[in-house]
Amino acid sequence: MELEPVIGLEVHCQLATRSKLFCRCVADFGGTPNSRICPVCTAQPGALPVLNEQALALALNAGLALHCTIRDQIKFDRKNYYYPDLPKGYQISQFDEPLCEWGELEFELEKGGTKVAKIRRIHMEEDAGKALHPDGANVSLVDLNRAGVPLVEIVGMPDLCSPAEASAYLQTLRRTLRFAGVSECDMEKGSLRCDANISVRPKGQEKLGTKVEVKNINSFKNVERALMFEIARQSEMVARGEPIVQETRSFRDTEGSTIAMRKKEDAHDYRYFPDPDLPLFDVGRNRIEQARAALPEGFVAKRRRYQASWGLTDYDTRVLTEEPATALFFESVVAAGLSPKSAANWIQGEVLAFLGETKGSTKSDISELKITATELHALVQMEERGELSHQAAKKVLRRMLETGVDAQNSAVALDLLQIRDSGALAATIDEVISTETKVVADYRGGKETALNALLGRAMRATKGKGDPNLIRELLLQKLGKPGS
Amino acid sequence: MLPPELSRSATALAAAIRSGHVRARDAADHFLARIARHDGAVHAFLHLDPVQVRADADAIDARIARGDRTGALLGVPVAIKDNLCTRGLPTTCASQILVGYTPPYDAHVIERIKAAGGVILGKTNLDEFAMGASTENSSFGASRNPHDLKRVPGGSSGGSAAAVAAGFAPLALGSDTGGSVRQPAALCGIVGHRPTYGAVSRYGLIAFASSLDQVGPMALNVEDCTLLMDVIAGHDERDSTSRAGAFDGVGARRDGALTGLRIGVPAEYHSDGVDAEVRAAVQRVEQLAVAAGARLVPLALPLTEYAIPTYYLVVTSEASSNLARFDGVRYGPRDEAGDLAGMYGATRRRFGDEVKRRIMLGTYALSSGYYDAYYKKALQVRQRIGEEFAKAFEQCDLVLGPTTPTPAFPLGEKSDDPVQMYLCDVFTAPAPLAGLPALSIPCGRSKSGLPIGVQLQGPSGADARLLAVARALERALALDLSPLESPRGA
Ligand SMILES: [Zn+2]
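Here the protein sequences line up with chains A and B, keeping their order.
Counting from 815, one number per residue, gives the positions in the first sequence under our numbering.
Counting from 379, one number per residue, gives the positions in the second sequence under our numbering.
The reader is advised that the hints may include incorrect statements.
Capping the alpha-carbon separation at 25 Å, the derived lysine-lysine pairs in PhoX-like fashion look like this [to be verified]:
(1) A:LYS889 to B:LYS734
(2) B:LYS734 to B:LYS754
(3) A:LYS1021 to A:LYS944
(4) A:LYS1021 to A:LYS1078
(5) A:LYS1292 to A:LYS1279
(6) A:LYS1078 to A:LYS929
(7) A:LYS929 to A:LYS889
(8) B:LYS769 to A:LYS893
(9) A:LYS1116 to A:LYS932
(10) A:LYS925 to A:LYS1116
(11) A:LYS925 to B:LYS755
(12) A:LYS1209 to A:LYS1261
(13) A:LYS893 to B:LYS528
(14) A:LYS1292 to A:LYS1208
(15) A:LYS893 to B:LYS825
Here are some chain B residues pointing at chain A (derived, C-beta under 10 Å) [to be verified]:
(16) CYS463
(17) LEU467
(18) VAL477
(19) LEU590
(20) ALA702
(21) GLY747
(22) LYS755
(23) GLN758
In case anyone wonders, no lab produced these hints; they're calculated from the structure.
Each residue gets a CB set at the ideal place from its N, CA and C atoms; glycine is no exception.
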């Protein structure tokens, strides 16, 4: 019996707001434990939540970027359970009326072509704090900096058929959300977390198998590892005729395996009910339509535009739309006046390479660049005016990227400005002619290519700064035509 | 000691302090002396720091000496129910689970009182987490009714009511979820106002049932109650359920409120379940109102009998969630017991029986499989009760009736029978379910000298009008509203 896996992902993203969902504490990653807290997010008696409308705006963008239906009135519910990192004893979430429903995400398949996976719902909720269990100590510690940080949970339909598809879906989802400005989606910093629901069933069967939820998948690579392990585990159970138990399992990075956390019977009764501290909030059709109009351009639209309007290759457009900051920088360099093709070459060839080397990874963060679009344009203009050779321009750019000093000053500091003064070059040329007697004789004897050798000597004598066109012109003036 | 005209009027006291006739310090000393002398018998206060009170009063006097005479409550001491957060002052909800807790912030109403020049006098007793109608559920012992020390002051704001009636404080704050301001006000012979839901910010009020809790002013007379309401009412962006729009303090003080007034009189409020003396006292108010130009409109409010079960489903459900935060992790006492679940259990065993009962009832009502039959059904009935009131207010301007079925009952009489205790709220629970304003004013006494209260309920937002009508009725009733010289019936 051939089995096929059925996979759906539940993704939590931290919304890129300055402050928390229901108070004004800073929502950044890290910080000294319990330094970003207040009466509201530590659940002091009597403290009350007030919705951060910026979080709503970003959740709205997530829904729009994923083509969801948006509710124009939202309700928050309390999800009740006890845990030390949950200050109020309940999490404010959305239960039966999520902000967004029924969206979709199109992603590319390894074998070519694309697939559309349905999004079931997107709802807003607050994060819990962090419980730490120091090794060897008989205590637990609680850090509430993260408590109350705004999240969206994006629940996908079980439309994915392989670990590779799940991975592609997740990568595409991440890029979509990053381009929409919704979230940093940084798995290392916990601003993107992924749980997977997975079951297996005989190929061709309509009915779904018993699903298992896998939690604590902490990297993109591990999404595929965890799913592959689960498919193998479940398939072996089916082969042995054992029933699959509905349960929640935890992924273990070191073993690449999953272990049982809790069975379905142990599931909490969360006793959801509408939070009486938060009345129904009017999102309003207006707000939704304004957000739709102002939604940042997605990477798919950018790729299409770069190719259609600017004639870039498919490869170029992919590199430039890998990260929103790269696309933004590219577009601002074009806006500064550089041609799209040239901007694309410079950014791909030099800028991204620099970032790749200095950061020791391919994950370039172009937003940390020390140069502006205008400065890159100024550099290219110097080359176009003949003030820098192409090779020199690359060296100058490297220095600009390292130091943040502008093109002109970097070129001066590196002593790479081309010598375009014929008086200054004449002496060098005279000296080359007087020392390279044999080459000069060859030239005069009719060997045309000997001129290139002389040009090379002169360039070397100027340490590469001489303008090669000017030198050639001066040599011709002095020596005349070959064979003459 | 303050002269009688100042000890029976916060408004007059504030004016005397403002004009320099009396120092804020003298006022503080007056009330502190009365507390020192009589609170051993009454037990209105849980926390009192006389040194701090005198220092705060001195600071007001220093302000006045500098020529700063602003603030409606200038130098007037205000007693605070101990479920309102006060920075630097213990706040316990009369519960063992908050023993030793000192909030890091002031409730919105405390900020307002301080900004108006009021002096925070101390924290008053209540039923634990405001769950009760007698203060007998306080884990620090019950308060006594100053009119008869063998009887309860009502609850849950019993400490605040007793403090005002006994002349310990000219003003007090209570909170009202199902009658916790009005019922003790009625039983102690003072004025208690439950504002329209959202008229006063709940920020810093320790939640019992969030969709019904409201902070309310308590005073000897309507004028003083209006004075305090004017200070605490108004929008607060830290409470998402806070209403826009200001309290109409001028309207609340306008004369002539009874002329042409249509007073709704529901048949359900005159049942045999109401004590005969209470019925007679309320009928007298009706007659006085008619004599002053008002008209009585007979009403039917048949859903009144469903208010109590509906109320107890809603409040227990919300309370089961609101009280989850008292887990021993972040503040308050912690009782270690080996592991996490053990610690939760040991710590939460500190809750009193009534609190535990309500947490369990509410947990049950919200459980999967029971939610629709209980919590959801209660919300539907709640909606209907609101609609019934809305229809009533098409025919009348306000609804008048008894605040409580009986005057103050003896300590211990109902404390072993929760259902009897719940029935104390029969006339006070409907207004909170509908979010409506309501107040209680004294309207007479029983033969044995126990105070009787009459309740006015109005449409949403009609707080000022209710207070204006209450003031006119108070004048027509012409009762002696002075605080007691000393507690009775020791
Ligand atoms: Zn906070």
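Each hint tested on the structure:
For the proposed pair LYS889 of chain A and LYS734 of chain B, the alpha carbon gap of about 29 Å is over 25 Å, so the pair is violated. For a cut-off of 25 Å, the pair hint linking LYS734 of chain B to LYS754 of chain B stands: about 22 Å separates their Cα positions. Under the criterion of a C-alpha separation no larger than 25 Å, the hint pairing LYS1021 of chain A with LYS944 of chain A is inconsistent with the structure, at around 39 Å. At roughly 20 Å between alpha-carbon atoms, LYS1021 of chain A and LYS1078 of chain A fall within 25 Å of each other, so this suggested pair holds.
Only pairs whose Cα atoms come within 25 Å are accepted, and LYS1292 of chain A paired with LYS1279 of chain A is accepted, the gap being roughly 20 Å. Taken as a hint, the LYS1078 of chain A and LYS929 of chain A pair is broken in the structure, with Cα atoms around 32 Å apart against an allowance of 25 Å. Distance check on the hinted pair: LYS929 of chain A and LYS889 of chain A sit about 33 Å apart at the alpha-carbon level, beyond 25 Å; violated. For the proposed pair LYS769 of chain B and LYS893 of chain A, the alpha carbon gap of about 36 Å is over 25 Å, so the pair is violated.
For the hint pairing LYS1116 of chain A with LYS932 of chain A, the CA-to-CA distance comes to about 23 Å; that is within 25 Å, so the pair holds. At most 25 Å may separate the alpha-carbon atoms for a hinted pair to count; LYS925 of chain A and LYS1116 of chain A meet this at roughly 23 Å. Straight-line distance between C-alpha atoms of LYS925 of chain A and LYS755 of chain B comes to about 55 Å, which puts the hinted pair past the 25 Å bound. Only pairs whose Cα atoms come within 25 Å are accepted, and LYS1209 of chain A paired with LYS1261 of chain A is rejected, the gap being roughly 34 Å.
Under the criterion of a C-alpha separation no larger than 25 Å, the hint pairing LYS893 of chain A with LYS528 of chain B is inconsistent with the structure, at around 45 Å. The straight-line distance between the Cα atoms of LYS1292 of chain A and LYS1208 of chain A is roughly 32 Å, outside the 25 Å bound, and the hint therefore fails. A threshold of 25 Å between alpha carbons decides the hint, and for LYS893 of chain A with LYS825 of chain B the separation of about 53 Å lies outside it, so the pair is violated. Given the 10 Å rule on beta carbons, the hint for CYS463 of chain B holds: about 5 Å separates it from the nearest Cβ of chain A.
Residue-level restraint check for LEU467 of chain B is violated (minimum Cβ-Cβ distance to chain A is 13 Å; threshold 10 Å). For VAL477 of chain B, the suggested interface contact is broken, since its CB lies about 13 Å from the closest CB of chain A, more than 10 Å. At its closest, the beta carbon of LEU590 of chain B sits 8 Å from a beta carbon of chain A; the interface hint therefore holds under the 10 Å criterion. Interface hint status for ALA702 of chain B: upheld, as the beta-carbon distance to the closest one in chain A is roughly 2 Å, under 10 Å.
The criterion of a C-beta within 10 Å of any C-beta in chain A is met by GLY747 of chain B, whose closest approach is roughly 9 Å, and the hint holds. A distance limit of 10 Å between C-beta atoms decides the matter here; for LYS755 of chain B the minimum to chain A is near 13 Å, and the interface restraint is violated. The interface hint given for GLN758 of chain B is broken, as the beta carbon of that residue sits about 13 Å from the closest beta carbon of chain A, more than 10 Å.
This entry does not satisfy hints 1, 3, 6, 7, 8, 11, 12, 13, 14, 15, 17, 18, 22, 23, going by the numbered hints stated previously.
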